[in-house]
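Visitor: Sequence:
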Amino acid sequence: MNRLFRTTPGGGSCDYVPDLVDLRSIGDAGRGDGIDLAEGVDGVIEYLDERIAAVIERNPGRPSLLLSGGVDSMLLAAALARTGVDCMAVTFSADVPGRIDDEAHRAAEISGLFGFEHEMVALDPTELSAAAARLVPVLGVSDPWEVLAATVLTQCDARARERGADGPIFTGAGADSLFLGGSEFGRAEDADADRDAEWAAAVRARVAKNFTRDRLIPDFYERLLERPERHIQIWQTTAAVELALSLPPTAVRGPEMDTDKLVLREAAVRLGVPRELVRHAKSPMQVSSGGVDGLVVAARRWLTTRKGGGEYADPMLEPLEYTVARLWLERSLGSGDAG
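For the sequence shown, position 159 (counting from the first letter as 1) is numbered 159 according to UniProt numbering, and the numbering increases by one without interruption.
Hint data in this document are derived by calculation from the structure and do not stem from the laboratory. All C-beta atoms, glycine included, are put in the ideal place defined by N, C-alpha and C. Any given hint could turn out to be false.
As the list claims (entries may be wrong) - FRET-style restraints, in silico, Cβ to Cβ:
| id | residue 1 | residue 2 | range |
| --- | --- | --- | --- |
| 1 | 321 | 20 | 39 to 49 Å |
| 2 | 256 | 321 | 35 to 45 Å |
| 3 | 313 | 259 | 37 to 47 Å |
| 4 | 329 | 270 | 51 to 61 Å |
Make a model of the complete structure from these sequences and hints.
Guide: Written out as structure tokens, the structure reads:
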């Protein structure tokens with residue numbers, strides 16, 4: 001099989017692909033004709049092998065992996081294990097009362113399977129709230145998506161560095177953009193002559209939105225890490241975009257078009273991940289880690305300390321829209337930091 005990407009993957013943090021090239025010049029509708037799921041898996045593994053080798057060659061120091069229980073990071077764990085590199089896996093999980101973190105259990109299982117040292121960063125709602133509050137002025141925004149992403153990264157990196165893993169920080173970021181993870185695309189029976197072109201257009205649209213530096217916080221990693229080049233977005237490269245645009249949708253989701261990111265799930269299985277572990281759907285990291293739930297619990301607890309907090313309803317039990325209304329009205333009291 002011919003190589004499914006032309007550009008050699010580099011060892012840098014990421015490529016801001018739409019800022020570097022015209023996405024219309026990468027691939028074309030029909031370029032992937034005849035490529036099936038098995039060949040797509042071959043291409044994914046070949047890409048990961050080359051990208052990881054380039055990163056390790058360029059970046060000295062023991063690497064760490066931000067490992068969730070999702071297929072993107074489990075596949076990356078399996079690919080890293082192939083290299084024999086001494087990698088530490090770190091998983092973030094909010095310790096919220098009553099919450100069962102199935103993803104953290106899967107991450108621990110994967111770490112044991114591949115022989116990685118594994119650290120779990122578990123913050124209770126008070127600790128999570130304090131850590132997040134410290135990052136709000138650093139980022140200049142209060143958006144939970146950005147703040148929780150920053151919290152997970154900085155907390156996991158701090159733990160990894162404590163254990164001597166001060167090299168590249170591997171993440172599976174970017175896979176959803178390239179392989180349309182979580183999107184609603186037509187099933188096999190909806191196929192028509194334009195489906196491949198529509199798929200390629202959807203991939204380009206996601207890449208244009210998510211792989212540019214022109215985002216809400218362009219210098220996000222520079223604000224958080226002393227050496228931002230350590231943060232490796234494994235999929236955000238020109239080579240990866242070429243790979244993604246070489247694959248017809250049936251090579252990504254299977255001939256029936258019914259399995260999200262099937263090409264990545266099958267690649268993980270081929271590299272040794274048990275099939276039962278790759279079948280799970282995954283929410284965005286901010287949700288799956290318990291981060292959003294943790295901040296909600298912290299906010300409810302804080303409201304119980306306010307004057308009249310429990311007079312008519314218990315903030316710990318009331319509908320969430322009441323809690324949002326309380327927090328909005330608290331602004332009028334000038335009560336200061338809730339973190």
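Visitor: Hints first: check each against the structure and report whether it holds.
Guide: Evaluation of the provided hints:
no.	hint	in the structure
1	321 - 20: 39 to 49 Å	holds (44 Å)
2	256 - 321: 35 to 45 Å	holds (40 Å)
3	313 - 259: 37 to 47 Å	holds (44 Å)
4	329 - 270: 51 to 61 Å	holds (55 Å)
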